[in-house]
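Asks: Dock chain B against the given chain A, drawing on the hints supplied.
There are 2 protein chains.
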Amino acid sequence: MTESLEPPPHMSTEEFRQAGYATIDWLVNHMEGVDQRPVTPPTQPGDVRAALPDAAPQTGEPFGDLLADMDRIITPHLTQWQHPGFYGYFPANSSPPAVLGELLSAGLGVQGMLWSTGPAITELETHLLDWMIDLCGLPEKFLSTGPGGGVIQDSASSATLCAILAARHRAGGASVLPRLRAYTSAQAHSSAEKGCLVAGLASDQLRLIDTDKNFAMNPQALAEAIAQDQADGLVPFFVMATVGTTSSGAVDPLPKIAPLAKAAGAWLHVDAAWAGSAGVCPEYREIFTGLDQADSYVFNPHKWLLTNFDCSLFWVADAGPLTEALSIVPEYLRNPASEAGAVIDYRDWQVPLGRRFRSLKLWFVLRSYGVEGLQAHIRNHVAAAQDLAKQVAQHPQLELAAPPTLALVCFRHLDGDQASEDLLQALNATGEVLLTHTKLNDRYVLRVAVGATQTTQSHVQHLMDLIKELLDA
Amino acid sequence: MTESLEPPPHMSTEEFRQAGYATIDWLVNHMEGVDQRPVTPPTQPGDVRAALPDAAPQTGEPFGDLLADMDRIITPHLTQWQHPGFYGYFPANSSPPAVLGELLSAGLGVQGMLWSTGPAITELETHLLDWMIDLCGLPEKFLSTGPGGGVIQDSASSATLCAILAARHRAGGASVLPRLRAYTSAQAHSSAEKGCLVAGLASDQLRLIDTDKNFAMNPQALAEAIAQDQADGLVPFFVMATVGTTSSGAVDPLPKIAPLAKAAGAWLHVDAAWAGSAGVCPEYREIFTGLDQADSYVFNPHKWLLTNFDCSLFWVADAGPLTEALSIVPEYLRNPASEAGAVIDYRDWQVPLGRRFRSLKLWFVLRSYGVEGLQAHIRNHVAAAQDLAKQVAQHPQLELAAPPTLALVCFRHLDGDQASEDLLQALNATGEVLLTHTKLNDRYVLRVAVGATQTTQSHVQHLMDLIKELLDA
Chain A
43 MTESLEPPPH MSTEEFRQAG YATIDWLVNH MEGVDQRPVT PPTQPGDVRA ALPDAAPQTG
103 EPFGDLLADM DRIITPHLTQ WQHPGFYGYF PANSSPPAVL GELLSAGLGV QGMLWSTGPA
163 ITELETHLLD WMIDLCGLPE KFLSTGPGGG VIQDSASSAT LCAILAARHR AGGASVLPRL
223 RAYTSAQAHS SAEKGCLVAG LASDQLRLID TDKNFAMNPQ ALAEAIAQDQ ADGLVPFFVM
283 ATVGTTSSGA VDPLPKIAPL AKAAGAWLHV DAAWAGSAGV CPEYREIFTG LDQADSYVFN
343 PHKWLLTNFD CSLFWVADAG PLTEALSIVP EYLRNPASEA GAVIDYRDWQ VPLGRRFRSL
403 KLWFVLRSYG VEGLQAHIRN HVAAAQDLAK QVAQHPQLEL AAPPTLALVC FRHLDGDQAS
463 EDLLQALNAT GEVLLTHTKL NDRYVLRVAV GATQTTQSHV QHLMDLIKEL LDA
Chain B
43 MTESLEPPPH MSTEEFRQAG YATIDWLVNH MEGVDQRPVT PPTQPGDVRA ALPDAAPQTG
103 EPFGDLLADM DRIITPHLTQ WQHPGFYGYF PANSSPPAVL GELLSAGLGV QGMLWSTGPA
163 ITELETHLLD WMIDLCGLPE KFLSTGPGGG VIQDSASSAT LCAILAARHR AGGASVLPRL
223 RAYTSAQAHS SAEKGCLVAG LASDQLRLID TDKNFAMNPQ ALAEAIAQDQ ADGLVPFFVM
283 ATVGTTSSGA VDPLPKIAPL AKAAGAWLHV DAAWAGSAGV CPEYREIFTG LDQADSYVFN
343 PHKWLLTNFD CSLFWVADAG PLTEALSIVP EYLRNPASEA GAVIDYRDWQ VPLGRRFRSL
403 KLWFVLRSYG VEGLQAHIRN HVAAAQDLAK QVAQHPQLEL AAPPTLALVC FRHLDGDQAS
463 EDLLQALNAT GEVLLTHTKL NDRYVLRVAV GATQTTQSHV QHLMDLIKEL LDA
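As given, the protein sequences belong to chains A and B, one line each in that order. According to this note's numbering, the first sequence is numbered sequentially starting from 43. According to this note's numbering, the second sequence is numbered sequentially starting from 43.
Worth flagging that the hints you see were computed from the coordinates, not collected in a lab. It should be emphasised that the depicted structure is a prediction, and the values quoted were computed from it without experimental measurement. Watch out, some of these pointers could steer you wrong.
One copy or two, either will do: identical chains are not told apart, so a pair holds if it fits within one copy or between any two.
Straight-line Cα separation of at most 20 Å, DMTMM-like style, residue types lysine to aspartate or glutamate; simulated pairs [to be verified]:
1. 255 with 360
2. 183 with 271
3. 481 with 381
4. 510 with 414
5. 255 with 107
6. 255 with 89
7. 298 with 457
8. 481 with 373
9. 298 with 381
10. 183 with 96
11. 255 with 373
12. 183 with 328
Chain A with its partners taken away, still in its complex shape:
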């Protein structure tokens, strides 16, 4: 028994150095070869589990075996989100400085639930969220120097949930819950519906407002829904507008929506999870007009700003309702800095208690690329997508299904849904590209979300060439 009271054999720091170098080398190899892999793996359900033993090993295995199993069991069964031919969903950006920022975060092994549990974790995060306001031309009301401020969440889903919780609190909380009504467009992301469900609303308490021919929220329909609910004695408490919907990149008309929300006393949350990254380029900021009237805003650098998932930026104009909705202070978390009110404790800005040092990777990205590098990243993709849209529109067998927004192009086959679906499957079967689909006006639509870190205009041209080839065949 005495022997078992020794600590376990940890890697020495020198062994860690060698294993770390080997891991970096493995990643270099992977990065150099990722464009030679199929974007979508040929995996069938159960393939991966079949390659894994039934139980954890009794004694430790050498590190080299782990890397070998990465090659044998893991990488062949991954969808390659970092492949330059990845056009599915929205991109999940990654970049070398972000990866190394994440490595440092893991290596430091610190935890920022409170300012006092790691002051640099909180202060760097607050500071960068202020930087982003300048960088993206966001309203100054979101600066931490006023009653508002920003925080990093894991996802836009979680940020939207927090916005709903703050709005629910401001509207009176649990006691008025059954009378509350929320509004978003029928094209909004499913996270609005999920957030409302989590917050205890029944499904009919979220109104899905009709959209116009470009799939943007119809403000007249919103006005009517609010008026009807008010006439019925219900309480409009939350409106979510989207800048860049998932299906088609539609932009809800904030200047018309905001006054309606305000007049009803409802919280206005703006979801620009994907499109928000384009704010780094002044020439694309018109779609954000009216954002200065929002109560909260979310966008995800992990989608299109070279920063690894998870990095979702969430701002509120007034942190009061948010922290009042989420703050619970047990004795074991009390500390002088918090009691003095001199600091931000981010645990009160989110659902989880613990939090990683996520701002490091964003800091590394902002400093490694600089404003100009980030702008080039966005502009290159927008130009490529707009060029693709032009070619699609001119193709005799295709038509655009919605006006292209930024770097998202939606189109369909003129012969109908089956032809569109066949084209998507044929494209994906090449292994060179991955597209996903949606439905617009109940018709099957192919989506091309240009935005993977390595995707250049020549890759997008290759996609167009593939489309032409397959249509000719």
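Replies: Chain B alone, transformed into the frame defined by chain A:
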């Protein structure tokens, strides 16, 4: 304009290799010196922000500058959770294989919201959660081969929220919400209260049940509260029991609580966020007796099982209510594998949509340490803590404030709260250790949570020596 349409200058893979090596070297340096730093930094609010420029740079900066600023701005202002003298809160374990698993996850840059968006992400996770059942002696009802299964969440707070949402759904959802009542002990973690608030319950819908002299839930008091609520026409829907409370490590009596929950039709969730890691040692499994009657269970390898935050393991005996409560399927996420029902889509097991490849770090830990290494890690800390408890109990100026559980020791100064608080502050002021406090029976209590990765019995003895010195002075 043509020039700006080039992609940004990314690090080449060769530059990434060099920057990666440099980052590993930086971490080796940091790890070798962490025990020479003060556990708690001398930071005042605003110190970090004052060292940061007001805006992001216009052009990219060399990677070396970033690492230099880590030394200059970040590390001196961190609470060193990986210091062997860290005894605060509960530990946040980190280990070399976990750090490298996290590096691989970041470098791969993949996203596991659906099975089809990265089959290996989902299958490795499911498989490891099954491994853990064997490793920790957990009930087989949690195996993925039946109606239940496990998932990795970011934190126990999020897992507990999911348990509440599943329970709420099973009880009838939003329509019965005002009549629902939840129960946990007055010593339970604040995440129970936060989860209930998020889910739309008013604060009086969560009953905080009295505890016995050892701070464990009094089952008689639970029975009475449930009976009273039922008599009042209310619906008991959720009971959370804790194995190893945050304040004192108390263990709620599952064998007595479980039948009460079952008879009332309430969901039984067991929170062993910290203590769960001890399940790797058969000799500590007695405290989990009765877990086979739970509907869900959570514990955090990121606390005490050498795996970096975030890694919180959550199992349900029946995934039905959970996924029914959380599943929303928009068109753009539909895919053949999901439609066929042949796979798990973990987005339906959590609040966020997106998810990192978190199982890699757990896999690397399990394989690098093996069962025996993990057991040695736990046993070494338990032995050290029990030895500390013995010395504290024998000290003429100190007394234990609760029976020590596993590696958590709670004690106080016999001269009262001020003397206890003075002792804690004097200990922390040495910079060699960090302790945090709680209140038990309304008295100030020092907590020693032994469990940091590098903490050995000699470090704990050094803490005892420091205590003695300070009391003698």
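Asks: Within a copy, between copies, both or neither: which one fits residue 481 and residue 373 at a CA-CA cutoff of 20 Å?
Replies: Between copies, since 6 Å is at most 20 Å while 51 Å is not.
Asks: At 20 Å max between alpha carbons, let me know whether residue 298 reaches residue 457 within a copy, between copies, both or neither.
Replies: Neither, since 37 Å and 66 Å both go past 20 Å.
Asks: With identical chains treated as interchangeable, where does the CA-CA distance between residue 183 and residue 328 reach 20 Å or less: within a copy, between copies, both, or neither?
Replies: Within. Shortest intra-copy distance 18 Å satisfies the 20 Å Cα cut-off; inter-copy 55 Å does not.
Asks: Give the relationship of residue 255 and residue 107 under a CA distance limit of 20 Å: within one copy only, between copies only, both, or neither.
Replies: neither (56 Å within a copy, 50 Å between copies)
Asks: For residue 255 vs residue 89, is the C-alpha pair at or below 20 Å within one copy, between two copies, both, or neither?
Replies: Neither way: residue 255 and residue 89 sit 44 Å apart in one copy and 52 Å across, limit 20 Å.
Asks: Can you tell me if residue 255 and residue 373 fall within 20 Å by alpha carbon in one copy, between copies, both or neither?
Replies: between (55 Å within a copy, 19 Å between copies)
Asks: Are the CA atoms of residue 255 and residue 360 at most 20 Å apart within a copy, between copies, both, or neither?
Replies: neither (35 Å within a copy, 43 Å between copies)
Asks: Cα distance capped at 20 Å. Does residue 183 pair with residue 96 within a copy, between copies, both, or neither?
Replies: between (55 Å within a copy, 17 Å between copies)
Asks: Pop the pair residue 481 and residue 381 into one bin, within, between, both or neither, using alpha-carbon distances up to 20 Å.
Replies: Intra 52 Å, inter 16 Å, cutoff 20 Å: inter-copy only.
Asks: Cα distance capped at 20 Å. Does residue 183 pair with residue 271 within a copy, between copies, both, or neither?
Replies: neither (30 Å within a copy, 46 Å between copies)
Asks: How do residue 510 and residue 414 come out at 20 Å by Cα distance, when the copy is not named: within, between, both, or neither?
Replies: neither (34 Å within a copy, 59 Å between copies)
Asks: One pair to classify: residue 298 and residue 381, alpha carbons no more than 20 Å apart. Within, between, both, or neither?
Replies: For residue 298 and residue 381, neither the intra-copy (42 Å) nor the inter-copy (39 Å) Cα distance is at most 20 Å.
When the structure is compared with the earlier hints, violations turn up for hints 1, 2, 4, 5, 6, 7, 9 and for no others.
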